[in-house]
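K.L.:
Protein chains in written order, with the UniProt record's numbering: chain C, 1 to 382; chain S, 1 to 278.
Treat the hints as calculated values from the structure; they're not laboratory data. Note that CB positions come from ideal geometry on N, CA and C, so glycine has one too. There may be inaccurate statements among the hints.
As the list claims (entries may be wrong) - Some, not all, of what chain S presents toward chain C, calculated at C-beta under 8 Å:
hint : residue
1    : ALA183
2    : LEU187
3    : ALA189
4    : THR199
5    : LEU200
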Amino acid sequence: MTKASIEARGDLRLTRLTKTYGDFTAVDDLSLTIPKGSFFALLGPSGCGKTTTLRMIAGLEEPTAGSIHLGETDITTTKPYQRPINTVFQNYALFPHLTIFENIAFGLRRRGQKDVKEAVDKVLNLVELPHLAQRKPTQLSGGQQQRIALARAIVNRPALLLLDEPLGALDLKLRRQMQIELKWIQKEVGLTFVHVTHDQEEAMTMADTIAVMNEGQIEQMGSPADLYDNPETAYVANFLGQSNLIKGTISGNDGDSLVVDLYGQKISLPKSRSHAIDNSTYAGIRPEKFRISLLETPVRGNVLSGGRIEDVSYIGVSTQYQVEMPWGQELMVFEQNDDGVAPFKKGDAVNISWEPAFTFALRGDEDVTAGSQIEPEVQDEE
Amino acid sequence: MTQKIKDATIPTIPFGARIQRWFGRNLIRIYAVFAFTYLFIPVAYTFVFSFNDAGKSNLIWQAFTFKNWQNPCGAPEVCSALGNSIKIGFIATFFATILGTMIAFAIGRHNFKGRSASNLLIFLPMATPEIVLGASLLSLFLVFKINPGFWPTVIAHIVFCISFVVVTVKARIASLDPRLEQAAMDLYANEFETFRRVTLPLVAPGIAGAALLAFSLSFDDFIITNFNSGTLTTFPKFIYVSAARGIPAQANVIGSAMFFLALTLVIVGQLVNRRKVR
Numbered sequence: 001m002t003k004a005s006i007e008a009r010g011d012l013r014l015t016r017l018t019k020t021y022g023d024f025t026a027v028d029d030l031s032l033t034i035p036k037g038s039f040f041a042l043l044g045p046s047g048c049g050k051t052t053t054l055r056m057i058a059g060l061e062e063p064t065a066g067s068i069h070l071g072e073t074d075i076t077t078t079k080p081y082q083r084p085i086n087t088v089f090q091n092y093a094l095f096p097h098l099t100i101f102e103n104i105a106f107g108l109r110r111r112g113q114k115d116v117k118e119a120v121d122k123v124l125n126l127v128e129l130p131h132l133a134q135r136k137p138t139q140l141s142g143g144q145q146q147r148i149a150l151a152r153a154i155v156n157r158p159a160l161l162l163l164d165e166p167l168g169a170l171d172l173k174l175r176r177q178m179q180i181e182l183k184w185i186q187k188e189v190g191l192t193f194v195h196v197t198h199d200q201e202e203a204m205t206m207a208d209t210i211a212v213m214n215e216g217q218i219e220q221m222g223s224p225a226d227l228y229d230n231p232e233t234a235y236v237a238n239f240l241g242q243s244n245l246i247k248g249t250i251s252g253n254d255g256d257s258l259v260v261d262l263y264g265q266k267i268s269l270p271k272s273r274s275h276a277i278d279n280s281t282y283a284g285i286r287p288e289k290f291r292i293s294l295l296e297t298p299v300r301g302n303v304l305s306g307g308r309i310e311d312v313s314y315i316g317v318s319t320q321y322q323v324e325m326p327w328g329q330e331l332m333v334f335e336q337n338d339d340g341v342a343p344f345k346k347g348d349a350v351n352i353s354w355e356p357a358f359t360f361a362l363r364g365d366e367d368v369t370a371g372s373q374i375e376p377e378v379q380d381e382e
Numbered sequence: 001m002t003q004k005i006k007d008a009t010i011p012t013i014p015f016g017a018r019i020q021r022w023f024g025r026n027l028i029r030i031y032a033v034f035a036f037t038y039l040f041i042p043v044a045y046t047f048v049f050s051f052n053d054a055g056k057s058n059l060i061w062q063a064f065t066f067k068n069w070q071n072p073c074g075a076p077e078v079c080s081a082l083g084n085s086i087k088i089g090f091i092a093t094f095f096a097t098i099l100g101t102m103i104a105f106a107i108g109r110h111n112f113k114g115r116s117a118s119n120l121l122i123f124l125p126m127a128t129p130e131i132v133l134g135a136s137l138l139s140l141f142l143v144f145k146i147n148p149g150f151w152p153t154v155i156a157h158i159v160f161c162i163s164f165v166v167v168t169v170k171a172r173i174a175s176l177d178p179r180l181e182q183a184a185m186d187l188y189a190n191e192f193e194t195f196r197r198v199t200l201p202l203v204a205p206g207i208a209g210a211a212l213l214a215f216s217l218s219f220d221d222f223i224i225t226n227f228n229s230g231t232l233t234t235f236p237k238f239i240y241v242s243a244a245r246g247i248p249a250q251a252n253v254i255g256s257a258m259f260f261l262a263l264t265l266v267i268v269g270q271l272v273n274r275r276k277v278r
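Here chain C stands alone, though its shape is the one from the complex (with noise of 0.2 Å):
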């Protein structure tokens, strides 16, 4: 038993995983294949059960129903020590008794393997850190602690390492560095990881696949481009990224295309990213897909007239507006400082227009806000 599931390899398969504590369900019936090889994202708001799922995997929590598969070996109730997998901790626990070198031959030595210096010394030289091998763990920065907690899992070479918010505690530019390394050493070492993250921007950096959580269960699932150019709920439109919502109904058809009815005016979309159920339906476009326009200068796509800007925001490498449109509603508008045109002022009067096939449409059942006022940061969610 312990023999065979620590040589397991092969694709990760969750089948109706399911974790409840008392009346609170953490993680309902969630179903989920991660390839091998591939590099994988969780993303959610605190509480929605992506750390509880990163730890049965791990096994360190006991799954209430469902079964966990790694290659074609079950491993939902082995021990965590019986499995082929590490973590990197969120607080990188690593051991404040031992040296680098220790910590990361800890696991090594676990298994009784040979050539314990050789393989220490190479993961060192992989995250670049090998003159602190004899160091103990306080010494270090925060940086360098989050290095060694990878190399500590890494060396292992395990058929699946778990990333539990590695980046949490680092500086944002340490943090974008890291995303990059991490990324990188993904590539070199060619395992499968798994990362855990309520930054959004961080599992679009890193990721292959994301899948986003809501309430324990898996809100939609795709590459950072499917899910940011096609969302298929309002929860992930505004929880990557942010989205302009406006209510409409579909009112016909045009080939592959669908014709919406906006407040009076007629805009289309590609049926490939409806996802509305009946006519009613809310049409989502990015802000930065949008064009403003002053009335007099011609205009291509889709077309919302009757806006007046209401306020405008530089900020660098675009401009943010709100334009106030016919029907009351606020839009966001990202416009790229690129063109040389002087910026629109306050109080003029626009159209704004923008290319169909970045017309995106949801269930008009929807709750425009679900997912945008999740404020993420939450350090430590257990």
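Given chain C, work out where chain S should sit, using these hints.
P.N.:
Same frame as chain C, but now just chain S:
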């Protein structure tokens, strides 16, 4: 701009205000000096009078001598009493530390029926007046027809030391990040290896502290010992008995030596800790 500031004359602060500010800054230091003086005067007194050429009573300063330090066992019975106290202390500490540590882990790490009750009960020996504990232990021993003496004293000491060990070790366990043990399990260490390589080394300072505390409590104890030791003389009993007819200066020697030994232990411990961190 800066030039202007340089040229301007710096206004002098009035003398009274300066005094006030000095007191404000140093009040805590002044207080500390008084507090430590108060704490250490008895110790200093004991130390000074260990050099007294006392003769019969060591209450009045007679003359300076090294005699007492050269011959600490000079007074009758003082060293056999000391030996008994050390022996009792070591045995009681050994068992109380092992049992107490196990209880601390049980209460600190596991959820079982009666956990909160045990948690409360373990405090009872600490809260019970020593005189009550001593007397009831004696009557208990007598019920079982065990005569007071060495082993009943050891058992009595283990009883009250356990509580202190549990409290000390439990505090250490509580401050231990459970993720460290999870990390060890994640890195292929089974339950036993995790305990041996991660949990125990991290809790060890707490256990060592608890053992030191247990030893000093046992060594120090008079009331409970007095009930349960019968004719056996321990160091505190010896002092108590001799107080009536004058404590020999050798007692001061031993007391001072204990103090310096404890001080050395603490300093060495600190130094080792500091080196470990570095």
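K.L.:
Hint by hint, note whether the structure agrees.
P.N.:
Against the structure, the hints come out as follows:
Against a cut-off of 8 Å between C-beta atoms, the interface hint on ALA183(S) holds, since the closest Cβ of chain C lies about 4 Å away. For LEU187(S), the shortest C-beta to C-beta distance to chain C is roughly 4 Å, which falls under 8 Å, so the interface hint holds. Taking 8 Å as the C-beta contact cut-off toward chain C, the hint placing ALA189(S) at the interface holds, the least distance being around 5 Å. Against a cut-off of 8 Å between C-beta atoms, the interface hint on THR199(S) is violated, since the closest Cβ of chain C lies about 11 Å away.
Annotation: LEU200(S) was flagged as interfacial toward chain C, and the flag is violated, the nearest CB pair being 10 Å apart, outside 8 Å.
Of the hints listed earlier, those the structure fails to meet are numbers 4, 5, in rising order.
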